[in-house]
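Chains as they are written, first to last, in this note's numbering: chain W, 1 to 293; chain L, 294 to 607.
There's no promise every hint is true.
Label-pair ranges, simulated between beta-carbon atoms [stated by the list, open to error]: (1) Gly24(W) - Ser352(L): 31 to 39 Å; (2) Asp168(W) - Ser424(L): 50 to 58 Å; (3) Gly24(W) - Thr349(L): 33 to 41 Å; (4) Thr310(L) - Gly229(W): 53 to 61 Å; (5) Gly24(W) - Pro365(L): 15 to 23 Å; (6) Gly332(L) - Asp203(W): 20 to 28 Å; (7) Gly24(W) - Arg584(L): 20 to 28 Å; (8) Leu582(L) - Gln13(W): 40 to 48 Å; (9) Arg475(L) - Gln13(W): 21 to 29 Å; (10) Gly554(L) - His129(W): 47 to 55 Å.
Bear in mind the hints are in silico, worked out from the structure with no lab data behind them. Here the structure is a predicted model, which means the values were calculated and not measured. Idealized CB from N, CA, C, for every residue including glycine.
Residue strings, one per chain:
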Amino acid sequence: MTKAAASSRGDAQISARGFQRYEGERAGVAGSIRSVMWQSMRATLGLGRPAKNKIFPVIAVAIAYVPAIVFIGLAVLIPSGIVDGPSYPEYYGFVTSAIALFAALVAPEVLVSDRRNGMLAMYLSTPLHRGTYLVAKMLAVLLTLGLVTLGPPFLVLLGYTFDGSGPDGFGNWLIVLFRIILSGAAVSAALTAISMAASSITDRRAFASIGVVLLILASPIVAGSLVDGAQLSPNWRLIDVFSMPFELVFRIFGEPGNFPEVSTLAVIAVNAAWTFGGLTVVVWRYSRLVIAR
Amino acid sequence: MKAIIETSGLVMQFPNTRALDGLDIRIPPGVTGLVGANGAGKTTLISLTLGLLKPTSGSIKVLGLDPNVHGPALRAQIGYGPERNVLPDDLRAYDFVRHLAEVKGLPRDEARTRASDSLYLVGLGEERFRSLGTMSTGQRQRVKLAQAIAADPRFIVLDEPTDGLDPVQRDEMLNIIVQVNRDFGIDVMLSSHVLEEVERVCDHVVALDQGRLVAHGAMSELAGASGGVELELVDVDEPPHSVDAVVQLLQASGTTVERSGAVLSVTGKSDDELFDAVGAAVAQAGARLRRLGQRRRTLDDIFTDQDRQMTDAQ
Chain W
1 MTKAAASSRG DAQISARGFQ RYEGERAGVA GSIRSVMWQS MRATLGLGRP
51 AKNKIFPVIA VAIAYVPAIV FIGLAVLIPS GIVDGPSYPE YYGFVTSAIA
101 LFAALVAPEV LVSDRRNGML AMYLSTPLHR GTYLVAKMLA VLLTLGLVTL
151 GPPFLVLLGY TFDGSGPDGF GNWLIVLFRI ILSGAAVSAA LTAISMAASS
201 ITDRRAFASI GVVLLILASP IVAGSLVDGA QLSPNWRLID VFSMPFELVF
251 RIFGEPGNFP EVSTLAVIAV NAAWTFGGLT VVVWRYSRLV IAR
Chain L
294 MKAIIETSGL VMQFPNTRAL DGLDIRIPPG VTGLVGANGA GKTTLISLTL
344 GLLKPTSGSI KVLGLDPNVH GPALRAQIGY GPERNVLPDD LRAYDFVRHL
394 AEVKGLPRDE ARTRASDSLY LVGLGEERFR SLGTMSTGQR QRVKLAQAIA
444 ADPRFIVLDE PTDGLDPVQR DEMLNIIVQV NRDFGIDVML SSHVLEEVER
494 VCDHVVALDQ GRLVAHGAMS ELAGASGGVE LELVDVDEPP HSVDAVVQLL
544 QASGTTVERS GAVLSVTGKS DDELFDAVGA AVAQAGARLR RLGQRRRTLD
594 DIFTDQDRQM TDAQ
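Please take these sequences and the hints and turn them into a complete structure.
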């Protein structure tokens with residue numbers, strides 16, 4: 001052993017500061033919201049949890065991204081013009097199952113768990129109150145859903161850009177990017193509100209998930225039955241909770257969509273109604289909640 | 294000395310219950326015990342302190358602030374350990390404490406360090422990476438205390454912190470709570486229905502009964518030596534009725550005797566005279582003495598006196 005190594009070992013100290021008072025800065029309510037939002041996203045995606053908690057998130061993300069990755073791969077490998085890919089709104093048709101899976105799983109995990117495992121009472125004893133707590137949770141659901149509503153169409157844009165069949169010029173490229181962001185945000189917002197509303201009504205995660213799935217599956221069937229079967233006004237399509245956000249995506253891109261007989265104004269209005277209505281249910285339920293201590 | 298909590302005419306009315314009825318208290322710094330039976334109003338007072346309920350009437354100030362106006366700012370300075378033992382089973386103790394420290398405003402790196410420090414302080418340093426679901430009741434109670442102090446609050450509120458603990462664990466928990474106050478200057482209010490532990494560790498006490506204030510003040514004034522002598526005799530076969538004989542002899546000597554089985558409370562003279570009278574009576578009766586000392590007023594006496602006053606009033 002060299003002299004230097006011996007002296008460094010002799011100078012080494014174990015420093016355990018122990019519990020001390022803290023005089024530094026504190027983040028305030030914004031930091032509290034950020035921390036709760038991030039922790040909720042981590043929990044939903046299974047980060048920092050056992051492997052079994054990662055299964056559904058991985059499956060959902062895979063379903064959402066694999067088609068987009070395939071398109072990019074084809075665009076890179078195959079000469080331009082040969083691959084006739086879907087339009088941006090049409091791409092959502094490939095990933096509705098992933099979006100539905102996330103919508104059914106994320107909000108129940110984010111909201112119901114806290115009511116059952118005592119964390120809601122803990123959070124409300126911090127600088128958060130019910131309103132700011134719900135803001136944090138809403139952001140968590142919104143951003144988690146954004147993983148599957150924003151990311152894949154953006155990859156498709158990149159794929160078309162590499163393929164040479166993307167928007168002409170940087171200005172148009174930015175316009176398409178803006179439409180993708182707006183579309184993803186609209187779909188995420190509507191599904192966030194609906195799934196949070198379902199999750200605020202029941203204390204069972206499974207029931208909340210089933211409720212969301214039923215809404216997603218049943219509302220298109222009911223709407224279709226009323227319009228195509230009973231020959232009622234096409235505006236009855238507006239009760240189709242799951243299809244209307246995607247119909248809005250078509251209108252954002254200036255395309256007629258799957259239900260051209262329904263006016264764009266009506267599509268915008270019903271999406272706003274589902275979004276604000278869902279959030280209203282959440283706020284009303286949580287304002288009446290008795291927090292057990 | 295600035296009060297930690299001040300209330301004036303505080304009333305909390307629920308649809309079917311008047312949980313607090315005109316409470317006027319002033320809690321100074323230190324360790325304060327909030328005592329009362331189930332339903333006395335302890336948890337309601339705690340909820341009002343945290344700004345989680347709005348009083349029906351009256352006022353409350355915590356650290357000089359109105360909890361309903363300055364709730365978020367106040368709760369950033371208060372640590373809270375709930376009564377419920379329901380915690381997220383799949384979360385590690387360290388992650389639980391760290392996360393709540395962050396939510397209370399600590400920067401991420403500081404929250405990480407302080408989570409470990411506070412878990413070490415409560416004796417869970419080596420178990421801090423275990424899931425909460427694998428921990429015993431005693432360990433979960435310590436985790437609740439750790440998360441209450443991790444963000445370095447000015448004041449912590451602990452709701453039944455020794456609930457579910459065996460006597461040894463209770464002592465350990467109470468020692469930690471006292472250490473938090475004495476060594477780090479964090480004021481504490483703990484609620485309990487176990488009067489002995491409050492007498493043991495608290496500097497001040499607020500006693501509630503069905504929403505009404507029974508007593509509040511320094512423990513040394515409310516409980517402690519209250520004049521008189523208390524003795525416990527051993528009821529033996531030989532000589533027979535020795536306890537009765539001691540009672541009669543003491544009463545004959547001009548003292549007042551209250552009897553509860555073999556325990557006698559003797560008053561009516563100065564303590565020195567009482568000790569002499571007791572010694573003489575025990576010797577004359579040939580009784581066996583197990584314990585002899587100054588009579589102490591306990592918190593139980595306070596509630597008993599209150600019940601007696603209410604009965605007399607009716």
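For each hint, the structure was consulted:
no.	hint	verdict
1	Gly24(W) - Ser352(L): 31 to 39 Å	holds (33 Å)
2	Asp168(W) - Ser424(L): 50 to 58 Å	holds (56 Å)
3	Gly24(W) - Thr349(L): 33 to 41 Å	holds (39 Å)
4	Thr310(L) - Gly229(W): 53 to 61 Å	holds (54 Å)
5	Gly24(W) - Pro365(L): 15 to 23 Å	holds (19 Å)
6	Gly332(L) - Asp203(W): 20 to 28 Å	holds (25 Å)
7	Gly24(W) - Arg584(L): 20 to 28 Å	violated (53 Å)
8	Leu582(L) - Gln13(W): 40 to 48 Å	violated (58 Å)
9	Arg475(L) - Gln13(W): 21 to 29 Å	holds (28 Å)
10	Gly554(L) - His129(W): 47 to 55 Å	holds (53 Å)
Hints 7, 8, counting from the list given before, are not met by this structure.
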